[in-house]
Each structure stands twice: as C-alpha cells, then as structure tokens.
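S.K.: Using the sequences provided together with the hints, build the complete structure.
Read top to bottom, the protein sequences are chains A and B.
The letter at position 425 of the first sequence is residue 424 when you use numbering that gives the first Met the number 0, and the numbering goes up by one with no holes.
The letter at position 20 of the second sequence is residue 19 when you use numbering that gives the first Met the number 0, and the numbering goes up by one with no holes.
Just so you know, these hints were derived from the structure itself, not from any lab.
Heads up, a few of these hints could be off.
Derived Cβ-Cβ restraints for the label pairs, each shown as a range [as the list claims (entries may be wrong)]: (1) GLU18/B with GLY634/A: 38 to 46 Å; (2) ILE57/B with ASN86/A: 44 to 52 Å; (3) ASP87/B with ASN86/A: 39 to 47 Å; (4) GLU142/A with GLN46/B: 45 to 53 Å; (5) ASN100/A with GLU19/B: 31 to 39 Å.
Values in this document were obtained by computation on a predicted structure and should not be read as measured data.
A virtual CB, placed ideally from N, CA and C, is assigned to each residue, including glycine.
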Amino acid sequence: MPIDSGFKVRINKALNDSNLRGALGKFGDVFPESRANVYQGIDFEELRGLIARNKSNAASNMEALADQFEANIIKRGGQVHRARDGNDVFQILKDIAKARNAKKLVKSKSMASEEIHLNQHMEDTLQMVETDLGEWIIQQINEKPSHMVMPAIHLSKERCAEIFSQALGYQVEPDIPTMVRLARKTLREHFMTADIGLSGCNIAVAETGTMVIFTNEGNARLTASLPPVHVILVGYEKLAEKFSDIAPIAKALPKSATAQTLTSYVTMISGPAETLKDKEGPELVKKELHVIFLDNGRRELLNDPIFKEAGQCIRCASCLNVCPVYQLVGGHVFGHIYAGGIGSLLTGFFNSLQDTDKVQEMCIGCGRCREFCPGKIDIPNLILEMRNRVRKEIPLPGLQNFIVGSVLRNKGLFQFGLRQASWASAPFATTGKDGNKYIRSLPFGFKKLADWRSLPGFNSTPFREKIKSLKQDVANKKGKVAFFGGCVIDYAYPEIGESLVRVLNKEGFEVVYPEQTCCGAPAGYMGRQDVAKEIAMQNLQQFSDDEFDYIVSACPTCTVALKEKWPHLLDSDKESKAIADVVAAKTLDFIKLMHTLKKAQGGAWDEVAATCDIACSAPINVAYHDSCHLNRELGIKEEPREMLAAQRHLNFMEMEEADRCCGFGGSYCIKLPEISTELLDRKLRNIENSRAEVIAVDCPGCLMSLRGGLDTKRSNKRVLHSAQLLDGKY
Amino acid sequence: MGACVGDWKFHMPEDAGTEELFKLFKEKAEALTVKVLRVASKNEAEQAIVEEIKATNIKLAVGAPMTLVDVLSIQESLKGDGIDFSLDLDRNLIERAQFGVSQFDLGIAELGTIVQDAESVHKRLVSMLPPTHLAIISTKTIIDTFAASLEVIEKVYNGEPSNFIAFVTGPSKTADIERVLTIGVHGPGRLIIVCVDE
Ligand code: SF4
Ligand code: SF4
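M.R.: Set out below in structure tokens:
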C-alpha cells in the first residue's frame, strides 16, 4: 500500500491529539442534528437536485458562461484577467500592486488563494493580511486550513491565546470574546490602511456579472469597501448561468455549512461601486475592480465526463463534518489544502495525482458524505475512480501489486491461496466464547493484523465443496436461484451459505452455485479497475443462464459489484454489457430477496425458520448493524428491520449509531489499521451499551470485524448473519 | 444603473408588507438577537431613532442620507442632549462613531434579513464600521422569501443589478475559535431594525 511511514506518523499524531479529537468529535456529533433542524420543512432531495442540475449545466457550458460573465464585468468598467495557474495569478497581482505602488493587501477568505499558496508567493511584494478570524490565526503560525469553513477548528482556545500573545506582543488570556475583540481592533487598522482587498467568491453569475460572497464576520464587506482596489479570485466552477440560480445555493450553503438559515452577510458585487479617493475621501471615485479567473486544473475537471460531478461542490464542508475518518484525523491528514473526501478529488486536479495519492486512500467508502452533500456528488465512487487513475501513475507497492495483479486475476491461484490460508492458520486458532474459531495473534510481521481484533479461523471445507453434498428439500418448487457466495462466505463462513440455502429452499427455490471467483470489488477498491473488469468477465457467463429467477448474494459488497460495478466496468463491450445488465437486474441482496418474496405473499414475514436451534423461553434481544454498502449504496434500510422484528423468536431493538461504519472496509483495515481500530472501538462501545444479546448483520465482512472485536474484548455478545437468524440458527 | 433609492417599493410583489410577513420577519430577526421596532409614521420613526441613540449613551452617531426619515430633525433633537449626529462622509469620523443609521430597501420575512442597494460608500461605511447599526425600512417592503428578493432586484434594475447589494441577517459573528458563537467581529455586534408603516 502506498501509505508510507511518514504519513503513518502524521496519522498517529492526529489520533493522539486530544484537542483535535475533542473538537472534531464533538462537532461531528452535534452537526447532523442542528443541520436537520435548520432543514426542517425543506425538501432536501429536490433542493440538491436543482443545485446539481444547475451546476452541471453550468459546467457543460463553462466557456460560454465565462465569456458572458467577462463581457458583463467589462461593460461595467471592471477588469477581467484569466489565470492558467498560480504563477499567472502572482504576476497579475504583482502588476496591479506595482501600478498602485501598493504595500498592503487585506484578504477575506478564499480557498483558491490557499490552493496556489498565494501569501507565500506574494510576500516579497505585499504585506498579506488574512482577515477571516480563523485564517488570521493560522496565518500567524504558518499553517494551512484544516477545514474549508472553519480553518482553525483544530486549535484549542488556549493555543489560540498563545498565538494572539505572540502576534500582539503581550499576554492574551484564553477568553474567546476578548480574543475576538482584539482581532477586530487589530484587523480594523489593517483594513483602514490596506491598498488592495482580495476575496474569493461563492457564485459568479454570467447573466448579470454578479459575484456573490457569503460571510458571517463581515470581513468580505470591508475588504470590498475600504481599500481602493478590489481583486476577486474566481474559480471557473463558481460560474452560474442565471441570477435566479443564486437562490437554491443561498438556501443550502449556510444550512449545510454551519446549520444557519443564512450567513450574516451576503454581498453581491456586479461592478466597480464608488469608493473614497485615496482611501479617505471625501472625493468619490470608481473602485478599481479586478476579477481573476483561475483555471489551475478546473477546466480539465469540468470537461472530464466523470469528474465533472465534483464541480457541483458548493464548498459547504458538510461532507467533512459527517465523515467518520475526517472526525478522527482532521484535514491536515485527510486533506491537502482542501480537506476530506471532496478535497482528495479536487486535489487530484488542482494540485496533482501525487498530492492526492495518500489522501484519497483515507476514504473507507462508507458513503455517509454522499447522503449529506447539497451538490449531490457521489464522493466515494468518484474517489474510487480517482484511485484508479492514481494507480495508473503510481502503482501499488510490490507484494500488493502482485496479489491484485496476479493472484486475484488468476482464478486457480486465488482459490489455491485461500485454501492454503485455511490450514496455514489452523495452528493459531482458538475457540472463542461464541464457539467460533478465532486467530488471536499471528507470528512475525503479521502480528499487527490480529492484535486489535481476532481473525476468523478459516474453514477447511469451503462452501463451494459443501453445497455439493447439501440435500435440498424443495416442496412446491417455484424456481431457481443462483448464489454468488463471495470469498468471505465461501472460505470463512460457509455456514452462512448453508443457512441461506435452507431458508430459500423453504421459500420454494432451489439454490445453485455456479462456477465463480472473487466479485472483483477488492481489486476495484484498490484502484485496479482493469483487474476488476477481468474478474467480472470471468464470472459473467456462468450467471447469465436464463433459468435463474434470481441471483442472490449474502454479501452487500458483492451485491454492489454485480448490480452496479459489473455493468459499469463492462461498459465498453456491448455484448458483455448487455449480459451484465441482465445479471444486474436479477441480482438482489439476500435480505432484500427475502423481503421481496415475503411481501409478495402479503407480508407473512414471521414464518421463516424451519426449526429453531434452541428452545427459547423468551425472545432473544437482537439489534441490527447496517452495512455501509447495503444501507447507503443499495438503499436497503428498513427491510432487514422489518424481517427481524417479525420473527417470533426475536425481540428486535435499535442500538445507537446503528448505521455508523464498523471500520472494516475490506483491504482498508490492513492498509490503515489505526483508523479501522478507532472506528471499530466506537461500534463495539455501542454494541456493549445496547441491551441486545445478538447483533444481526447482512455483511460477512462486518460480521468478521465485529466478531473479531468482540472476541478480543471477550464479550458475551454474538454476531450473526440475517440468513442464520432466519434459519433459526441462534 | 446605480443607486435609485425609492425605486424598490414600486417593484414589490402584490402580497408584500402584510401583517403576517411583518410578524414572521420580527420573529426571525429577534431569534438572531436583532431588536425590531415598529412605528406608524415618519415622526415616530425619528423619535425611535433618537431614543435608541440616547439609550446607547454615546457622544457621536453617524447617518447616511435617508428618505424615510428627516435626518436633520434627528440631528436637531440629539443636539439638545449633547450628541453629535453627523451626516458627513468622513471615513475616520465614521470609524470613531459608536452608532450608525442607514436606510435599507427590503426585508425578507422567512430569514429576518434586510437588503440594501449599497452602491453608496457612505451607506456602507455607516452600516459596517460602528459597533451598533440601526437600519430603517418600510414595513411595506417586507416580502416572503430570498428567491422573491432576487426577482425584485431583477425588476428594480431591469436585469442589471446595482454594483453593490448587501444582504444583512443579524449581527456580525464568528465561531472560528472552538466553534463558540461570538458576536461582533468585523461588522456591528448589535443590530436594530426600525420598520415604518409609511
Ligand atoms: S465515503 Fe465515508 S470515509 Fe469516504 S469521504 Fe465519505 S464519509 Fe468519509
Ligand atoms: S462535496 Fe458536497 S458536502 Fe462536500 S463541500 Fe462540496 S457540496 Fe459540500
């Protein structure tokens, strides 16, 4: 994995930073609720659909809109500059400064200026003063913002007081109102004496040449009003077609950013307003207004058929606030100027693939950000695309590249490898409290893998062998189901497959197990879509049989692969794509299939298990853990709950944060065990705090992770797959 | 193009300025710590402004030209109390003042927001620099939504918005240190809105 030791040091430093953890954790906990409050009565889906459509159209039309915008500004007497990159911006700004003999520039928040390291490059020409409170604080210590909206969220008030004391030359107490008052005073002097004001902008309307700036502090208004020159740095992705397009963004941005109905100030600038001559007046003159259009990779992004979607971002940062990984490490680790998942995408275009390499690896793909994004951006799937591009330029290191490129690609070798694992791990296996086999530690360099959560003892007979001797009793046969087992069930938990067969038999379906290999997801998630595609091809034919009424998988990651990834991967080959579409249409996740069958029977959900394993005097308390792929990728949330709640032997209850990622993430837990452990620990705490004796899951990956974690803690709680519960195997 | 104060009220939607809209406007603004006053006439408005300035206990207040009230009469009333109400466009004087009064063109009920054509630098300085800002608006120009305010602007300027339009929603604030909400960073920490029914 391309995560080097230097980066690991930064991760661990962030994880051990209690200030950071406290601030981000608290915020992450309260944000969803305050956001939900402020969105009350608003149809978020409709709103973000509108924003996404407007922004996407603007991206397709970018060049024409930029020209129209430019013409409007010039007509009003403003000047427009086009900058290909940071160097162009520096030159333009230097020229502006020289013509005016300018000495000082006050800046209100502009992420684009951060992205090109503007301050650093202009220092020789101008005194650069950040005026946004958070930006000013981090400027004093030469840091980069760790959050797009709250740049200094990683600093405690005590640390801020130290920074104030240092900057002002006298002792400042860690009292927030005092510090805010001092900042006002200090920065007011800068505003009064600055020669140039520079700001970013949130929207640039082509139709009217209007630039819209949202702020709470009021620094953008001062920046635009006090100095005689105003420079606005505009990224091409800010372009909007019509004046009325401002409305949906104004409706969403403050709510998604800080859970406010509107920011204190919205400033609309459409031309050079009047200003005081030589800063003080009383004579009035037209302000010198410069607009610098910044490209720096944006045109490429907006012209890219896939990544164009990232241009729908309105920089609200709500994706950071809800990201479980960002909450742990913050924007200096999960980010490069622009933080979090969206940051890793923007970095790939604005900076370089090299710069986003490690950053994009931080995403575990839980999909939580996507649910909140007002730009309706499928962040996790774009990250996978980005990873794929990164891996073309920067291959995985030796052993992993060999595993993905050779072992996964080669069916025989892959199956051989997994079977070897069954006996290779045998000597280390012990029996856990729940009666299952666990590996609690591994020798040599593998120690780290099992230290924080036990691994399953691999089964010596895989499901593909077991099904051959499984007697299928199908009375009133209704049809045939093809089972895509997936590696984890096949090799680690064949008993889940056996339960699935029994339950479906009872529903009148014979289950067949076509010749199959890995679903391709692990290769895809490691950025090797080329390999994932080959693997999809190896499976495709065997699942195309007309006599299959359904194709079922009991692993949501495999379900997503069959249902969504295969048609996408095989897009370029018409014939295979047609087959993949048919396969996709027939594929259902096990719990969804059961729900569908039972619903067709009028919702007779409680009659599932043939026999009950134990004689229960009282129903067993069961809570459900949502797998990220099932819940957020496939949108299956209620079905498992309805099914479980209807079982007579079960007493269904919710646990806290049921839909929060368990930290497994396939290869993620090998790549970034530090992060996985933290995520798992939080999940285990929620499980321990619930009254449930059994945790039901639909994903064998989650099951492996949760069982392993609980075994490490020697917990009495048990984890079972829904198929096992519906089979009466408690 | 440019500031045509007074134009706005001729482009209001038909249902502007209703009792319900005023009530909602007041409720939303007050939730943001804004003080909202309502007066029936020009005279009462002048009176209200004088009282607010007096209650602030200061020596220097500033104002930008206004049409809803007679600034000279305000100036006159305050003189008796030894308070200078200056109408000069003098940046350093405005910066020294503790109280600024300016007229706004529109209110948005759903947000408690006020909107101003701020092409005039005088208006901007008066509403930005002093720690207290008093805005005067006509109750008749309170409309329902943000989207509707954009329509008004398009009509007022015939598709070519004024160079500088300011939307103000509550006082200046920040949460940049430890996410603790603190009022009054760069702009006024205190906002008073006087709505005149005329
Ligand atoms: S998918 Fe999950 S881990 Fe990845 S960026 Fe989004 S919230 Fe963060
Ligand atoms: S990606 Fe979406 S959620 Fe994240 S900052 Fe952009 S608009 Fe907001």
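S.K.: Return the numbers of the hints above that this structure violates; sort them in rising order.
M.R.: 5
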